[in-house]
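Chains as they are written, first to last, in the working numbering: chain A, 1 to 84; chain B, 1 to 233; chain C, 1 to 119.
Check each hint, because a few of them may be wrong.
[Claimed, not checked] Cβ pair distances, simulated, as ranges:
| hint | chain 1 | residue 1 | chain 2 | residue 2 | range |
| --- | --- | --- | --- | --- | --- |
| 1 | A | Thr3 | B | Met22 | 19 to 25 Å |
| 2 | B | Pro98 | A | Ala30 | 22 to 28 Å |
| 3 | A | Leu5 | B | Met179 | 43 to 49 Å |
| 4 | B | Gly16 | C | Ala105 | 38 to 44 Å |
| 5 | C | Pro64 | A | His27 | 53 to 59 Å |
| 6 | B | Leu152 | C | Ala105 | 23 to 29 Å |
| 7 | B | Leu170 | A | Val26 | 42 to 48 Å |
| 8 | A | Leu10 | B | Phe196 | 37 to 43 Å |
| 9 | B | Val81 | C | Pro64 | 48 to 54 Å |
[Claimed, not checked] Derived coverage of chain C by chain A (criterion: at least 3 residues anywhere in the stretch with Cβ under 8 Å from a Cβ of chain A; other residues may be distant):
| hint | stretch |
| --- | --- |
| 10 | 5-13 |
| 11 | 20-29 |
| 12 | 83-92 |
FYI, nobody ran anything at the bench for these hints, they're computed from the structure.
Each residue gets a CB set at the ideal place from its N, CA and C atoms; glycine is no exception.
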Amino acid sequence: MNTLLLVIALLLAAAMLGAAWVSIRVHRVATAMLAAGLVSLFASVMFLLLAAPDVAMTEAAIGSGLTTFLFFFVLGRVRGGRDD
Amino acid sequence: MIRNFAVLLLLLGLAGIFIHLMQGYIPATELNQSAHYYAAHSAEDLGAANIVTAIIVTYRGLDTLGEVTVLFLAATIIGMVLANGHKAQRSLQRQLPPSGELLTTASRLLTPLILLFGAYVFVNGHLTPGGGFQGGAILASAALLLLLTDPLKRFSHRLIAVVESLSGLLFIAIGVLGMVLAGGFLDSRILPTGAFGTLFSAGSIPLIYSLIGLKVGAEFTSMLNNLAETEKS
Amino acid sequence: MMDWIAMTTGFILILMGLYGALTHRNILRIIVSFTLANTGVNLVLVSVGYMLGRTAPILDKAVPMAEAVTRIIDPLPQALVLTAIVIGLGITAMMLTYAYKLYEAKGSLDIASYRELKW
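Only chain A is shown next, with the shape it has when bound in the complex (with noise of 0.2 Å):
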């Protein structure tokens, strides 16, 4: 039970870092931005894990749902901004 939670944790951990390498480097910005969402999808996960179900809650409908959907009200409205 205990290693399979660790096994778990450790994935958690191998996707959080990856999706954030994907948002830093990635070229076009809606995916950086997708990519942050999942990164805080993923620490939702994980504090669960730690036994903070509160802040998991928060977490989920705050951090991956209502940021990005913002993210994406103002990607909307600057299109033609040049990506870098």
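Knowing the structure of chain A, use the given hints to seat chains B and C on it.
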């Protein structure tokens, strides 16, 4: 080139500090003093099953009041910064293609359910995981679904302002009542503690958390509304 | 062991976020990097409160009132992080608003095109 080198140097320094911190970290084996107090007393004194809720609403209620104020300030600043200019463009709104039948029907079906779930989450904040902030975010996500269905839909500023300021005022009024009837500002024991683990228990904690939920939901909705109003014609 | 994994991940996320914020030129990319660092800080804070073999600070039939002191983990960092996440959204929304206003003024999101405060 020099700039990149400076960035690398800064990050290496920070990494050194972090590694030092982790080497000095010893996992605690028992609760420290304040956590011990919260664990031992919150259920008896306040009747709240969720200790995190007890801390947020009662033990550190003043922090929460300050936090809600910061959120209110952020929402106000967003409204103020985005305010000028969009009134003139209101008249020439462009015709958007209608959103699909699937999205319209689903949002009509789901919006009441999402609102109900948000209310459930913040009313049960003292018993189960969840509470005012999560419930408020869920309420705002119902508004988000409506905005996705109809990008030109606008929510009434007056309604948002009334809900927001009314719940804020009631929050402070309950806090002052705590000063008069119980031990101090935001003391939740102004109502009977009730049977442990039932909905109507834990004094005024469910009441305060519901008000926080409404306030947070109204603030997030006003942020979304203000950003949506920047839609150019 | 779990707290070590979470803490290391959180610290690396902070470093990655700061790296992104310092090296990107697009303002939206800088804001995305800041949210990454924000997630990292929250992860570190929650992992400090974790204790091996204990459960979440919610009392019910499985965790009776009398055993609470020896069965639950530290609830204080969780309360702090909960408020930090909500404030984080407020700050992000404000940064995005200013980014939009800057774009409206100049038609560009590249920080190299904002030279008013440069000397």
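Evaluation of the provided hints:
no.: 1; hint: A/Thr3 / B/Met22: 19 to 25 Å; result: 23 Å, holds
no.: 2; hint: B/Pro98 / A/Ala30: 22 to 28 Å; result: 24 Å, holds
no.: 3; hint: A/Leu5 / B/Met179: 43 to 49 Å; result: 46 Å, holds
no.: 4; hint: B/Gly16 / C/Ala105: 38 to 44 Å; result: 40 Å, holds
no.: 5; hint: C/Pro64 / A/His27: 53 to 59 Å; result: 55 Å, holds
no.: 6; hint: B/Leu152 / C/Ala105: 23 to 29 Å; result: 25 Å, holds
no.: 7; hint: B/Leu170 / A/Val26: 42 to 48 Å; result: 46 Å, holds
no.: 8; hint: A/Leu10 / B/Phe196: 37 to 43 Å; result: 39 Å, holds
no.: 9; hint: B/Val81 / C/Pro64: 48 to 54 Å; result: 52 Å, holds
no.: 10; hint: 5-13; result: holds (count 6)
no.: 11; hint: 20-29; result: holds (count 6)
no.: 12; hint: 83-92; result: holds (count 5)
In terms of the numbered hints stated before, the structure departs from none.
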